[in-house]
Amino acid sequence: MANASDEFRLVSPNISHEGRLPRQYMSEGQGAKKNISPPLEWYNLPQGTKTLALIVQDIDAPDPEGPIVPFSIWVVVNIPATVKGLPEGFSGREEEMGGEYVGIKEGYNDLKKHGWEAPKLPSHGHRIEFKVYALDDELDLGNKVTREKVLEAIEGHVLGEAVLMAIF
Numbered sequence: 246m247a248n249a250s251d252e253f254r255l256v257s258p259n260i261s262h263e264g265r266l267p268r269q270y271m272s273e274g275q276g277a278k279k280n281i282s283p284p285l286e287w288y289n290l291p292q293g294t295k296t297l298a299l300i301v302q303d304i305d306a307p308d309p310e311g312p313i314v315p316f317s318i319w320v321v322v323n324i325p326a327t328v329k330g331l332p333e334g335f336s337g338r339e340e341e342m343g344g345e346y347v348g349i350k351e352g353y354n355d356l357k358k359h360g361w362e363a364p365k366l367p368s369h370g371h372r373i374e375f376k377v378y379a380l381d382d383e384l385d386l387g388n389k390v391t392r393e394k395v396l397e398a399i400e401g402h403v404l405g406e407a408v409l410m411a412i413f
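If you use my numbering, the sequence shown corresponds to residues 246 to 413, in order.
Please keep in mind that the hints were generated in silico from the structure rather than gathered at the bench.
Since the structure is predicted, the reported quantities are computational estimates derived from the model, not experimental observations.
Treat each hint with caution, since some may be false.
In the DSSO-like style, the derived pairs of lysine-lysine whose C-alpha atoms are separated by at most 27 Å in a straight line are [claimed, not checked]:
| no. | residue 1 | residue 2 |
| --- | --- | --- |
| 1 | Lys394 | Lys376 |
| 2 | Lys376 | Lys357 |
| 3 | Lys358 | Lys389 |
| 4 | Lys295 | Lys329 |
| 5 | Lys394 | Lys350 |
| 6 | Lys389 | Lys357 |
| 7 | Lys394 | Lys329 |
| 8 | Lys389 | Lys295 |
| 9 | Lys329 | Lys358 |
| 10 | Lys376 | Lys358 |
| 11 | Lys376 | Lys295 |
| 12 | Lys376 | Lys350 |
| 13 | Lys376 | Lys329 |
| 14 | Lys389 | Lys350 |
| 15 | Lys394 | Lys357 |
| 16 | Lys358 | Lys394 |
| 17 | Lys389 | Lys329 |
Label-pair ranges, simulated between beta-carbon atoms [what the hints assert, rightly or not]:
| no. | residue 1 | residue 2 | range |
| --- | --- | --- | --- |
| 18 | Asp382 | Ser261 | 15 to 25 Å |
| 19 | Asp385 | Arg265 | 15 to 25 Å |
| 20 | Lys376 | Gly337 | 27 to 37 Å |
| 21 | Asp382 | Glu345 | 11 to 21 Å |
| 22 | Glu333 | Ile412 | 15 to 25 Å |
| 23 | Pro258 | Lys358 | 18 to 28 Å |
| 24 | Ser272 | Glu252 | 13 to 23 Å |
| 25 | Val408 | Glu383 | 16 to 26 Å |
Each residue gets a CB set at the ideal place from its N, CA and C atoms; glycine is no exception.
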């Protein structure tokens, strides 16, 4: 049995697991900075990982038509296994950062916007799920990357998953 320190993990230096999402990553309220993505780090990738995919979603979003449905906030694919995390404010800057970030592709969230879209909430107590998938291949999804396309494309390619949960 592997011990916890060997487990594939997703963390943020600014967000404790199941803690509050700091206001600086939201789009409204005192201290908010519009559309600044939080820093994320991952550890202990499963053997054979070639790339990572990240999906961030509000898992308590109400659907006007009925039940609660996940609402995507950020979709990122083709993160090389050599990259150990994404820095604060990464969203929208992947090309200008260059280096190890070349080839990383941000997708569209459920607001049909490219990159991180800070939450605007009708009520508090929603959970944001940050989930990173370790994949055995790179994804070729064309120009319009969405959560749905990613979830379909990764079937059969997931070597592991790690989750960080925040409340807002």
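Consistency of the hints with the structure:
| no. | hint | result |
| --- | --- | --- |
| 1 | Lys394 / Lys376 | holds, 15 Å |
| 2 | Lys376 / Lys357 | holds, 20 Å |
| 3 | Lys358 / Lys389 | holds, 11 Å |
| 4 | Lys295 / Lys329 | holds, 13 Å |
| 5 | Lys394 / Lys350 | holds, 13 Å |
| 6 | Lys389 / Lys357 | holds, 10 Å |
| 7 | Lys394 / Lys329 | holds, 24 Å |
| 8 | Lys389 / Lys295 | holds, 22 Å |
| 9 | Lys329 / Lys358 | holds, 26 Å |
| 10 | Lys376 / Lys358 | holds, 19 Å |
| 11 | Lys376 / Lys295 | holds, 17 Å |
| 12 | Lys376 / Lys350 | holds, 16 Å |
| 13 | Lys376 / Lys329 | holds, 15 Å |
| 14 | Lys389 / Lys350 | holds, 10 Å |
| 15 | Lys394 / Lys357 | holds, 14 Å |
| 16 | Lys358 / Lys394 | holds, 15 Å |
| 17 | Lys389 / Lys329 | holds, 25 Å |
| 18 | Asp382 / Ser261: 15 to 25 Å | violated, 33 Å |
| 19 | Asp385 / Arg265: 15 to 25 Å | violated, 37 Å |
| 20 | Lys376 / Gly337: 27 to 37 Å | violated, 21 Å |
| 21 | Asp382 / Glu345: 11 to 21 Å | holds, 19 Å |
| 22 | Glu333 / Ile412: 15 to 25 Å | holds, 19 Å |
| 23 | Pro258 / Lys358: 18 to 28 Å | holds, 26 Å |
| 24 | Ser272 / Glu252: 13 to 23 Å | violated, 33 Å |
| 25 | Val408 / Glu383: 16 to 26 Å | holds, 22 Å |
Of the hints listed earlier, those the structure fails to meet are numbers 18, 19, 20 and 24, in rising order.
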